[in-house]
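> Residue numbers (the UniProt record's numbering), protein chains in the order written: chain Y, 1 to 130; chain X, 1 to 362; chain W, 1 to 300.
Note that these hints are calculated values from the structure, not bench results. This structure is a prediction, so every number in the text was calculated from the model and none was measured. Here a beta-carbon is modelled for each residue, glycine too, at the ideal position from N, C-alpha and C. Careful: at least some of the hints might be erroneous.
What the hints assert, rightly or not - Each computed DSBU-like pair below joins lysine-lysine, with the alpha-carbon atoms no more than 35 Å apart:
{"hint": "1", "chain 1": "Y", "residue 1": "20", "chain 2": "X", "residue 2": "313"}
{"hint": "2", "chain 1": "X", "residue 1": "45", "chain 2": "X", "residue 2": "275"}
{"hint": "3", "chain 1": "X", "residue 1": "359", "chain 2": "W", "residue 2": "262"}
Said to hold, decoys possible - With the Cβ distance kept under 10 Å, some of the chain X side facing chain W (calculated, not the full set):
{"hint": "4", "residue": "72"}
{"hint": "5", "residue": "300"}
{"hint": "6", "residue": "305"}
{"hint": "7", "residue": "307"}
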Amino acid sequence: MDPCSSDGDDRLYLEELVEKSLIHLQLWKDVVVEDKLVVWKGVPVRLLTGCPPHVLSHDEKPADGIGREYILPVNMTQYKEEQVTLAFLDIVFSELCAKDTKRIILAIVNTDGTVVFYFVYNGVHKPKRN
Amino acid sequence: MAKPKGKSLQQRYKYPLPIHPIDYLPSVILHNPVSWVYWAYCFWKATNIPSKRVHIEFEGGVNFPHIVVQDKDDMKYLWKNGFFGTGQLSRSEPTWLERQEGASKERSNDLALEKITERRRIQRLEFKKERVKLEKQLLDLRRNGGNIEQENALLVQEREMLRMFKQRQQEEGLGDNNSVVEESMIEGTAVDHEYVDIESLELMSVEATFLSFALPILDISPKVLLSRLFGPSNDITYGDIHKFITHYVTYHHYRSLGWCVRSGIKFGCDYLLYKRGPPFQHAEFCIMVLDHDKSKDYTWYSSISRVIGGAKKTCVLCYVERLLPEDQIVEYWRTDNFIKLFGSYRVGEVIYKRWIPGKNRD
Amino acid sequence: MVNKIRISVVVQGTDASDLVLTPLIFKLEDVERARKLGVCGILAGTLPTAAQQNMFLSVPLKLMAEEAIWLFLSGHAEVVHLRSPTSSLIGNLIKENLESLQAANESKLQESFRLQRQFKVEQHRLKLESLGRLPPGGELPHDPQIDSLIDSSLFVETANSSSILSKLSSKQQQDGCIDAQIINCMIANYSNWDNYLLYQSLRENGYVLSPGARFGGLYIAYPGDPLRYHSHITVQPAIDYYKEGIDLTLLTSGARLGTSVKKMWVIGGVKNYGTKQEELRKPKAPADVSFFSIEWAGFG
């Protein structure tokens, strides 16, 4: 099997799983897989965007309303490590996001099929107000 | 938490594993020899091997294969008999379809875990909004040059109002906000009130291995399963399989001692141990799988023990020791001698706990 | 010229491989100055016969290696060498100066007692005056009972800085140990230079850093003095910017802990592989450090 296409399969499945989870479990709206893609270590990487059902952090001014969020799906397996390096995150911010994007959401897909979500801010950032 | 009564739970989750004891034997009547013969016949005929194997599919690419079960009954069977697998659209038990149907029927007294969590979150959000509002008042006061007494009075008022707000929320219980959740849940998923189940049950590779190697449940042999996960056995090096083996050995170790073992990823550890299973009680132990001859830096131990301690669980460091040389293990892998292979490891456990002198006097 | 902060480094071990270097500040004024520069360290001094809880610890101030290196590289501190075992060195010094030290201590003690007595007598007089038992400005009658009461309430004051340590350091200085050598030794001994660069970069951005082991990190960062601000940030050990994947299990647990203690889980690494260590050691060398801050998104 062509290794490149199989990596692509991994990504496609990841995107599909995270999309499904966002729409049907987390109840997000307008979830789409973006077209823009960057090839990282031979693997094509795309982001998802969508709108959460309510404001995610309270530092955002109410005037902003509920903004679209960027979501980066990654695999977490117990036995192999996907290379989410700092260089990779820098590239995601610079190539796949709008200019001056402060944060993305990292969607970690576990081996048991669950997806967990984390904010990743570019640079040193204060924690959100609870 | 809304859950079925203890007795029905006992009924529903009667078996800790998919293999059941032979439980349909006729009674023996001592003065009737025919019944002896019949009993012996039944015993000889009986078997506890499941009549049908569970079918699994591999999804995703070669590097990160996901093992899924799609058949409704199989999903239920694996969950009911030892809590194997996780629903991809649920927190653990695959309940997505029920949730959708439940939402449309507005059955509010039988709440799925997901709904309760979601409601609590919404309540918390509203509480925070209220707090922000009150804090803004305080800020305005400060800006307009209010004195300390005014500030203090406002603070007391604020605390009282927040307390009342919280109380009101509790009294309403899970009342008002339901409709919000349920409406949004229905939206976009219901097609003329018929639901297509889009949820599959996903198995961790250790679970699948256990259900194939240790118990004859899946319709796949350990050899085929492991070659799907790790590639053809001829190209395997020890480095490729070491991590998997130590994790599997640990999983098998606790499963065979009667624990229900599930992924511990939410707590940053490898496994959670439940005495019986998630519906019965919270997990008591968090397992970290480690190589017996390697140590980590102190930051690592302190950080995991803080997380686990914060969740009121006990952290178990599980040291796995290989008893045979690496090439011997690889040889067993190639020749499918998995019994010998997994038997060549030893598991040792240590409980790790942060000790606080002031709080640990007894 | 203002004197530099004096960092005394205790050296233990004989070999380069098992060398333990502990940077300490003994002078109270130096502790204060370091703190104003955002170097807090940890007070570690106690009496050997009456070990104290951390709340009551006193000088010396124990520094993280990063703090000592930063103070030195930014030109705020000089470094002197205390060869271990320090106790035998001090022992010899004491032996040599036994009589003069004793005399000096005795006179200091008597002086302190005299001042305390004077203060207490005055306090007593004022009290009687306010009760109307003594005319304003009146003399206190001599009463041996009151004298003995006052004597029993006198305190023995402990000095803030050592009277023999200055001798010890200058003695070492004469032995020809130059501070740059010690700092080089410390740098060479330092396990991961990238960690120092993270430290430096955060310092340059106005953060004050403390050891973070209690919070599951390498450092915790405060936006100002730790007594005035809460810490919002746990900094992880540096990882290789290009090659090392973030440990997602660690990220999960770190972010989870972060939510409960309101701290951001921050991870960073150094870009520009080519940069030589020598270059980076210069104060204010532009270390190209990349940080990401991670927290639970609040769902999932």
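> Going by Cβ atoms only, is residue 300 of chain X closer than 10 Å to chain W?
Status holds, d = 7 Å.
> Sort out whether residue 313 of chain X lies within 35 Å of residue 20 of chain Y, counting only the CA atoms.
The given pair, whose Cα atoms are some 32 Å apart, holds under the 35 Å limit.
> Between residue 359 of chain X and residue 262 of chain W, does the CA-CA distance stay at or below 35 Å?
23 Å, holds
> Under the criterion of a CB-CB separation shorter than 10 Å, is residue 307 of chain X in contact with chain W as hinted?
4 Å, holds
> Holds or violated: the hint that residue 72 of chain X contacts chain W, with Cβ atoms closer than 10 Å.
Not OK, violated: residue 72 of chain X not within 10 Å of chain W, min 25 Å.
> Quick one, is the residue 305 of chain X hint okay against chain W at 10 Å, beta carbons?
9 Å, holds
> Please verify whether residue 45 of chain X and residue 275 of chain X have alpha carbons no more than 35 Å apart.
Holds, because 34 Å separates the two Cα atoms, which is no more than 35 Å.
The earlier numbered hint that this structure contradicts is number 4, and it is the only one.
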